[in-house]
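Residue numbers (the working numbering), protein chains in the order written: chain A, 1 to 233; chain B, 1 to 233.
Hints in this document: simulated from the structure, not taken from any laboratory. Computed from a prediction, not measured in an experiment: that's the story for all the values here. C-beta: ideal position from N, C-alpha, C; glycine also. Certain hints may be false.
To be verified - Footprint (simulated), chain B over chain A, 3 or more residues, beta carbon under 8 Å:
# : stretch
1 : 25-35
2 : 61-70
3 : 128-140
4 : 202-215
As the list claims (entries may be wrong) - On the chain B side, residues computed to face chain A include the following (Cβ under 10 Å):
# : residue
5 : 65
6 : 79
7 : 93
8 : 106
9 : 150
Protein chains: 2
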Amino acid sequence: VGRIGLVGLDGDDTLWHSERYFAEVQHRLTELLAPWADRTRLDERLVATERANLDVFGYGVKGFVLSMIETAIELSDGAVPASAIHRIIGWGKEMLAHPVELLDDVAEVVPELARRYRLVLVTKGDLFHQEAKIASSGLAEHFEGIEIVSEKAPEDYRRIARRYGVEPDRMVMVGNSLRSDVLPVAELGGRGVYVPYAVTWTLEHAELPEALADAVERIERLGQLPGVLARLD
Amino acid sequence: VGRIGLVGLDGDDTLWHSERYFAEVQHRLTELLAPWADRTRLDERLVATERANLDVFGYGVKGFVLSMIETAIELSDGAVPASAIHRIIGWGKEMLAHPVELLDDVAEVVPELARRYRLVLVTKGDLFHQEAKIASSGLAEHFEGIEIVSEKAPEDYRRIARRYGVEPDRMVMVGNSLRSDVLPVAELGGRGVYVPYAVTWTLEHAELPEALADAVERIERLGQLPGVLARLD
Numbered sequence: 001v002g003r004i005g006l007v008g009l010d011g012d013d014t015l016w017h018s019e020r021y022f023a024e025v026q027h028r029l030t031e032l033l034a035p036w037a038d039r040t041r042l043d044e045r046l047v048a049t050e051r052a053n054l055d056v057f058g059y060g061v062k063g064f065v066l067s068m069i070e071t072a073i074e075l076s077d078g079a080v081p082a083s084a085i086h087r088i089i090g091w092g093k094e095m096l097a098h099p100v101e102l103l104d105d106v107a108e109v110v111p112e113l114a115r116r117y118r119l120v121l122v123t124k125g126d127l128f129h130q131e132a133k134i135a136s137s138g139l140a141e142h143f144e145g146i147e148i149v150s151e152k153a154p155e156d157y158r159r160i161a162r163r164y165g166v167e168p169d170r171m172v173m174v175g176n177s178l179r180s181d182v183l184p185v186a187e188l189g190g191r192g193v194y195v196p197y198a199v200t201w202t203l204e205h206a207e208l209p210e211a212l213a214d215a216v217e218r219i220e221r222l223g224q225l226p227g228v229l230a231r232l233d
Numbered sequence: 001v002g003r004i005g006l007v008g009l010d011g012d013d014t015l016w017h018s019e020r021y022f023a024e025v026q027h028r029l030t031e032l033l034a035p036w037a038d039r040t041r042l043d044e045r046l047v048a049t050e051r052a053n054l055d056v057f058g059y060g061v062k063g064f065v066l067s068m069i070e071t072a073i074e075l076s077d078g079a080v081p082a083s084a085i086h087r088i089i090g091w092g093k094e095m096l097a098h099p100v101e102l103l104d105d106v107a108e109v110v111p112e113l114a115r116r117y118r119l120v121l122v123t124k125g126d127l128f129h130q131e132a133k134i135a136s137s138g139l140a141e142h143f144e145g146i147e148i149v150s151e152k153a154p155e156d157y158r159r160i161a162r163r164y165g166v167e168p169d170r171m172v173m174v175g176n177s178l179r180s181d182v183l184p185v186a187e188l189g190g191r192g193v194y195v196p197y198a199v200t201w202t203l204e205h206a207e208l209p210e211a212l213a214d215a216v217e218r219i220e221r222l223g224q225l226p227g228v229l230a231r232l233d
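Given the sequences, and given the hints that come with them, work out the whole structure.
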């Protein structure tokens, strides 16, 4: 038996693309609102609205759509036509129905890991959309469990570790967000493996505190994960 | 040891009010859209939109708000002003931030049941909003577990029963929806206790099939539940 008792994998932007659809839609919003605001002003206003709405909406596409609509109305001082708002809702539906696109290496690495470790998928956001993505990813069978959570704080990981009967310091969590995936598990005495994605949402930005640096590995793509885990184990 | 291995309780409109806030907001929408449609036409159009959107939005307030906005735009043929759409979003935030109001008997009955049975809260809808409501209900400590699901089909209850190590035919599920709470567990050989709420959402309507009638009890308020369970046990 190795040191690793449980390997957690994040979903969005760790196993499959997500943030780039948000970025693409935000780009379309920039064009739609060009008569009233330039890109910088829109980006600032949208992120401020998302931040203000996080406490009531939580994470996910539906909250993003509502924040886009609010931003459009505010920036245009109410002049944005209903047809434009209808288009924004249509983008949201497109995002929600978008086929899952796995990241590089994922289709090979996840089954390989499943043969060596107990795997759990730990993903944050909208329950309904996350379940749809997991089903369409074809990866569900490789995971002992799937945990869809509304927040990824240390206590959430502690609860998950307990559910699988593993001490948190024997858990390794792999993901593209330092703030949500890597640091909380490192804080519990476990290890984090950081796999940056090309785009990070402003509200997910975090710095790696020096005290936790030894508990965190950084890899550039998921294909490097089996080697890192073998070393940690 | 009695016959009952696990008692599941629904949340919305079984333990706390929910549907009446939807009805109240829908009434406001009727007034807002009065220039373009009468109540009957609005109700028909809104429920058709909700039904069409269920596959992409799932259940919950955010999807309801998006469906209201779509309906407003369609019924007004794009003439609804942005300020009206802003108001609709505001109603959604109000619903999401609304304090939890427990139904009659709940504050007394839930702790009483918790002393006799293993209790699990099984609630459907938006993860983020459901968690907020559970926290603010003050009831969480009485439940052995909380299961927030995106659908309440027999396989969902089978999975829950397995998680708690109970055969489905030893599960009793209590709720205000025949379709989501009562019938699926009865189909698995367990028992359903039906507690109707004053208002039922159109998409939750169902009939009780004669073949399952013996597996279903009907009570008028939660205060009658301990007696029914004692008899079934």
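Earlier hints that do not hold, by number: 1, 4, 8
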